[in-house]
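Colleague: Protein chains in written order, with the numbering used here: chain A, 4 to 315; chain B, 21 to 381.
Where hints are given, some of them may not hold.
What the hints assert, rightly or not - Just some of the chain A residues that point at chain B, by a computed CB distance under 7 Å: (1) GLU156; (2) VAL205; (3) PRO220.
Unchecked claim - Straight-line C-alpha distance at most 25 Å; calculated BS3-like pairs for lysine-lysine: (4) LYS197/A <-> LYS93/B; (5) LYS300/A <-> LYS111/B; (6) LYS132/B <-> LYS93/B; (7) LYS111/B <-> LYS223/A; (8) LYS197/B <-> LYS133/B.
To be clear, the hints were calculated from the coordinates, so they are not data collected in a lab. A virtual CB, placed ideally from N, CA and C, is assigned to each residue, including glycine.
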Amino acid sequence: MRKEKLRDLSFFLSPMVLMVLLFYLVPLIMTIYISMTRMKNWNVERYLTEFVGIYNYERLFYMFQHDPTFKAVIMTTIVFVGITLMINVFGGLSLALATFFINERAASSYRLLWLLPRMSPIAVYSLVWYYFFHGSEIGTLNSILMSLGLISEPIPWGQVTPWGAWSVIIFVNGLVGVSFGMIVFTSALNQIPKELVIAARVDGASSWQISKRILIPMMKWHLLYVLTWQFLSLLTTYPHLFLLVEWDLVNRDYGTTLALYVFNTAFGRGEQDQGLAAAAAVVLSIIGVIGGFVTLKVLQFEKMMKKPRGDF
Amino acid sequence: MVKVILDNITKRFDDFAALKGVTLEITDKEFMALLGPSGSGKSTLLYTIAGIYRPTSGRIYFDDRDVTDVPPKDRNVGLVFQNWALYPHMKVFDNIAFPLELRKFPKEEIAKKVKEVAEMLRIETLLNRYPWQLSGGQQQRVAIARALVKEPDVLLLDEPLSNLDALLRLEVRAELKRLQKELGITAVYVTHDQAEALAMADRIAVIKEGEILQVGDPDEVYYKPKYRFVGGFLGSPPMNFLDAEVQDPYLDVYGNRILIPIQYRELVKKLGVRKVILGFRPHDAEVVRGVAEGLVGTVYSFEPLGREQIVTVSVNGASLKVFAPEGEHFTFGEQVTVKLREDRIILFDKKTEKALEFLEE
Ligand SMILES: Nc1ncnc2c1ncn2[C@@H]1O[C@H](COP(=O)(O)OP(=O)(O)OP(=O)(O)O)[C@@H](O)[C@H]1O
Ligand SMILES: [Mg+2]
Numbered sequence: 004m005r006k007e008k009l010r011d012l013s014f015f016l017s018p019m020v021l022m023v024l025l026f027y028l029v030p031l032i033m034t035i036y037i038s039m040t041r042m043k044n045w046n047v048e049r050y051l052t053e054f055v056g057i058y059n060y061e062r063l064f065y066m067f068q069h070d071p072t073f074k075a076v077i078m079t080t081i082v083f084v085g086i087t088l089m090i091n092v093f094g095g096l097s098l099a100l101a102t103f104f105i106n107e108r109a110a111s112s113y114r115l116l117w118l119l120p121r122m123s124p125i126a127v128y129s130l131v132w133y134y135f136f137h138g139s140e141i142g143t144l145n146s147i148l149m150s151l152g153l154i155s156e157p158i159p160w161g162q163v164t165p166w167g168a169w170s171v172i173i174f175v176n177g178l179v180g181v182s183f184g185m186i187v188f189t190s191a192l193n194q195i196p197k198e199l200v201i202a203a204r205v206d207g208a209s210s211w212q213i214s215k216r217i218l219i220p221m222m223k224w225h226l227l228y229v230l231t232w233q234f235l236s237l238l239t240t241y242p243h244l245f246l247l248v249e250w251d252l253v254n255r256d257y258g259t260t261l262a263l264y265v266f267n268t269a270f271g272r273g274e275q276d277q278g279l280a281a282a283a284a285v286v287l288s289i290i291g292v293i294g295g296f297v298t299l300k301v302l303q304f305e306k307m308m309k310k311p312r313g314d315f
Numbered sequence: 021m022v023k024v025i026l027d028n029i030t031k032r033f034d035d036f037a038a039l040k041g042v043t044l045e046i047t048d049k050e051f052m053a054l055l056g057p058s059g060s061g062k063s064t065l066l067y068t069i070a071g072i073y074r075p076t077s078g079r080i081y082f083d084d085r086d087v088t089d090v091p092p093k094d095r096n097v098g099l100v101f102q103n104w105a106l107y108p109h110m111k112v113f114d115n116i117a118f119p120l121e122l123r124k125f126p127k128e129e130i131a132k133k134v135k136e137v138a139e140m141l142r143i144e145t146l147l148n149r150y151p152w153q154l155s156g157g158q159q160q161r162v163a164i165a166r167a168l169v170k171e172p173d174v175l176l177l178d179e180p181l182s183n184l185d186a187l188l189r190l191e192v193r194a195e196l197k198r199l200q201k202e203l204g205i206t207a208v209y210v211t212h213d214q215a216e217a218l219a220m221a222d223r224i225a226v227i228k229e230g231e232i233l234q235v236g237d238p239d240e241v242y243y244k245p246k247y248r249f250v251g252g253f254l255g256s257p258p259m260n261f262l263d264a265e266v267q268d269p270y271l272d273v274y275g276n277r278i279l280i281p282i283q284y285r286e287l288v289k290k291l292g293v294r295k296v297i298l299g300f301r302p303h304d305a306e307v308v309r310g311v312a313e314g315l316v317g318t319v320y321s322f323e324p325l326g327r328e329q330i331v332t333v334s335v336n337g338a339s340l341k342v343f344a345p346e347g348e349h350f351t352f353g354e355q356v357t358v359k360l361r362e363d364r365i366i367l368f369d370k371k372t373e374k375a376l377e378f379l380e381e
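Make the full structure from the sequences, and use the hints.
Modeller: Right, dumping it as structure tokens:
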């Protein structure tokens, strides 16, 4: 490489490299290090130098085998991420496609409706669902079902394990995430030349066939992006879950995902065990990296990258 | 393979009228060109025939069948877009096969039909490529193949050649004309290129601001324009127009007196018009040196074109373009006379800009 080229390259890359170093690499290394210490209750002076090797990972593995609470956390993580991801991606896709075929003014107000969960503060939004799913007769759902005569006793929805708790957290987070996919897919749809849709119509395609054969294949890249992005954010999200668990709306074991577990272990009430939390965080990161990589592979990311026009 | 009848079609977008009472009959197997400037409503009319737009009022018939409320897929039309609109994620084969797949044709039959139409358009070697791997001319053929493969009753083409270079355009337009006649398909061809319309069409419909001004075969619209607009839109360079005043039996044209053309004498008397516009085509006049009977002026400029040249003559401030043979040499400012071919002169009413013979319609 020529000298100026190198200079240019380092000029443009240096801010980003610095950011990555400062805010990603350093914390990552610190986390990995802490995961190998007996760090407890933020007692840095006493424990930070107490190196224990992979002891914390062994503890995690042991818990995974024998601790029912931790097993519940793992199951909850898998179910929560898997189902919410599908709801987010396919819900967003369906909404974008549905609004694509109706008139623009109705479509945009309809889309705004779906943005509300994203726009409202987490506490306010969670509170709404707190009252909706509340286990006593003040809960909206219970009072509706009771006045319809479908149930005679109020049901503590979030305490019914595992599926009651899972349904509540999936429902609440699913609604938040749908708008993201919807926005990305809607803007992707608006980029597709309208002649393609007209051509397909004239050729005899129904709206469903147009979606399946023309629109979705042309949005492959966006689909991949939303899938990966939502996967990673669901894996690491905990604010809504934290509140729902803290307010006792959902069962603690089946309302806690690995991300919330890391948070609680590091910062929660009672004894804080940063060493163990850091080990769990490292595991979570590894799952994230593998998962992200797999989605890219499965959807054949390289193939989607067309060769650039021209050779330079 | 049907007759298309448009009966008083109006199309409004909100409060903007894109088509204002279009009535047009396209006979079976005819090649009809829809010629008009940008924004005149050509595409809108084409999409209305295809069923993509529903007319605000008026009816559309294919033969005796009223198709006004029939959705596009049941009209059996083939549509070729200005930008071709090939599906970018499908190979050429799949692009062409798409309409047949939607009709649930068996696989072997699809393969056979695609091959046939690809051979006809000479793209059989390209079937395995993606659209972005094709040249403009090839993409255009694929678009036509896709429209033809379902054996449409009507072929609708929206400026399909406008993205091609000049040479390729000449080649493809000859091919397209031949293809249409061989297949015997009723075709509507939208263009804003008058030369294309004249060269390809059986009949031309000239459209302006959502209204059809004139329908006729190429000779008719070229030599007998109904409106000044039509004369000015067709031909290159277009018709010359000069304000003139009737002083029976003469016309006063920028200080020159010429006799009212014989075909108009009766009419001018009958209509009693005073202010008219005199129109003639650049090849319906000749330039002679010096002062003679005709329009006297000076040479403003001249442009040799190979076989002939265009001489621009200034007649008391009005500017005219006239073809002259190649051998003659003019100098700037030289005094000349433009002699008009009397039988080719068209007189338009000054106020309505309509040719006098159509004024009473
Ligand atoms: N969907 C629409 N909504 C509102 N106005 C429209 C719409 N489609 C077309 N128009 C208007 O109708 C008029 C005719 O448009 P049209 O596309 O038919 O023109 P055209 O003759 O095909 O022009 P061009 O040669 O530039 O393609 C234009 O003034 C255009 O702005
Ligand atoms: Mg157009």
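Colleague: Are there hints from earlier that the structure breaks, and if so, what are their numbers?
Modeller: 1
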